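> These are the residues of each chain, in order.
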Amino acid sequence: MKPDAFPPSTAAGVRVVVRGLEKSFRGQQVLRGIDLEVAPGELLVLMGPSGSGKSVFLRHLIGLETPDSGEVLIDGQAPTEDLRSRRRLAMVFQSGGLLNSLTVGQNVGLYLTEHRLATPDEIQRIVKEKLALVRLSPDSARKLPAELSGGMRRRAAIARALTMDPQLILFDEPTAELDPMVALTIGREIVSLNRRTRATTIVVTHDRDLAFGIAHRIAFLADGRIAAAGTPEEMRGCDLPLLREFLAADFSPEPHPTNDA
Amino acid sequence: MFRDLGIMIVLLGRVLAALPRAGRRRRAFAEQLHEIGNASLLMASLLSFFIGGVMSLQAGTVLVERGLGSQLGGLVGLSLCKELAPVMMAILLAGRIGSSMAAELGSMHVYQEVDALRTMNISPVEFLVLPRVLAFTIALPCLVIFANLVGWMGGALVASFNQSVAVPVESFMSNLREMMEMHDILHGLLKALVFGVAVSTVCCHHGLQTRGGPRGVGRSVTKAVTNSIVLILLLDYAITRLLLPFDT
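Line by line, the protein sequences give chains A and R.
The first sequence: position 192 = 192 (the numbering used here), numbered continuously.
Throughout, the numbering used here is defined as the position within the second sequence, counted from one, plus 1000.
One should not assume that every hint holds.
What the hints assert, rightly or not - Reference listing, derived: stretches of chain A covered by chain R, where coverage requires no fewer than 3 residues with Cβ under 8 Å from a Cβ of chain R:
{"no.": "1", "stretch": "97 to 106"}
{"no.": "2", "stretch": "109 to 115"}
To be verified - Beyond 12 Å from chain R on every Cβ pair, some chain A residues (computed):
{"no.": "3", "residue": "Arg59"}
{"no.": "4", "residue": "Leu64"}
{"no.": "5", "residue": "Pro79"}
{"no.": "6", "residue": "Glu81"}
{"no.": "7", "residue": "Ala132"}
{"no.": "8", "residue": "Arg160"}
{"no.": "9", "residue": "Thr197"}
{"no.": "10", "residue": "Ala228"}
Stated by the list, open to error - Pulled a few chain A residues facing chain R out of the computed Cβ check, cut under 7 Å:
{"no.": "11", "residue": "Phe25"}
{"no.": "12", "residue": "Met91"}
{"no.": "13", "residue": "Leu148"}
Note that these hints are calculated values from the structure, not bench results.
All values reported here derive from a predicted model rather than from experimental measurement.
Don't be surprised by glycine CBs; every beta carbon is placed ideally from N, CA and C.
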């Protein structure tokens, strides 16, 4: 998965600016003054250990959380409900967030149906088209989310986000709980979507292979702050101890005790 | 507690504000109504039949001893339609339907389905809460009418077949007709309507406020049912007190 060169500034994506973002929950500070800028069309991966505040940060970008202090600006405006509809901001949740009571097809077409943006026939056509984009068969439209595998559910959620024709698309741990092959496919989908749509894409993950495989730029979040940011090459050469530790962490089991004694 | 109450009032306000768009939720409303009917009709029949029967048995023996057996129909009829049917049906629905509403919305919240709706600019109140509150509020008074009829029948049959009461069905029903007035029925239906709004709002509120995974869903369901029952009893007293001047 070799990423493209950085997309041109004529991209359809939005500019994301975050300044001094702080957030606490029940007295525990999760974000401690985040400053970050994402250019239109950029594919930024926000990487960091579990519990570092990555998902909370992402929820601020789409307006699901309100900052205690600091600001989030999408093309110069706060991510309100109004902005979400005008700038078309979409998010693919860690669990997919598909409505279990609706079929996959209904889920994918939900945005269009609810906002009456197309006729039922057009919606059916768009749903098929978006499912094909994420390599799901038209048959899967009739299934319930519970009848799909984890990877297929994640792809259906991406298809749903695509029906919004988003200018900013956020992915929260898109490869969590998926096997390496499916994770690779999802990673490729993200890169391919970013190339095709030119939407600004922010991916939150602790998957190092995914981060270095798809990112134009990586930001490393630790202890509620952006500890380092740069291109994948710059990040590989970064000597920040926390980042080095995170990148070097490996599973090396204790040797089995022998009965030689 | 006051914070919860405030959020519930805001939620109810949003449901009322979304009412003009209720037509768009016809399908979800019909599904909810069907689920409520399916889950509660049999239980409601059993419950009301035996409540009517027990009322007849207990009050009947006392009244017959004092030579007032002919007044039994009115007593059972009034108690059922003004008090027992609305309260018992509301408690039954809180347990059977309110709990499942809280669990369903709680799971949807935990698995980020509610957040997904918000990111698509779809109001969770209009999409999820409105059809549930409407269906519950309409179903409860209907269930109370049904419970009244079954309860009166249960009361009449027990009064007639039990030797220690032995009030004939005709006498029971004739006294019931004589004593009951339209406003007595409306009294019970008004209670059911208020209980319906209150219980469904409480249950949806607790579902949407779920935090902390599957254990959180369990906590929400418990809170939803216990708070609903407490609220039913408090509102029952308040409405009875308010309507007292109109009853005399």
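> For every hint, state whether the structure bears it out.
Status of each hint after checking the structure:
no. : hint       : verdict
1   : 97 to 106  : holds (count 4)
2   : 109 to 115 : holds (count 4)
3   : Arg59      : 8 Å, violated
4   : Leu64      : 6 Å, violated
5   : Pro79      : 10 Å, violated
6   : Glu81      : 6 Å, violated
7   : Ala132     : 21 Å, holds
8   : Arg160     : 8 Å, violated
9   : Thr197     : 17 Å, holds
10  : Ala228     : 29 Å, holds
11  : Phe25      : 10 Å, violated
12  : Met91      : 5 Å, holds
13  : Leu148     : 14 Å, violated
When held up to the earlier numbered hints, the structure conflicts with 3, 4, 5, 6, 8, 11, 13 and fits the remainder.
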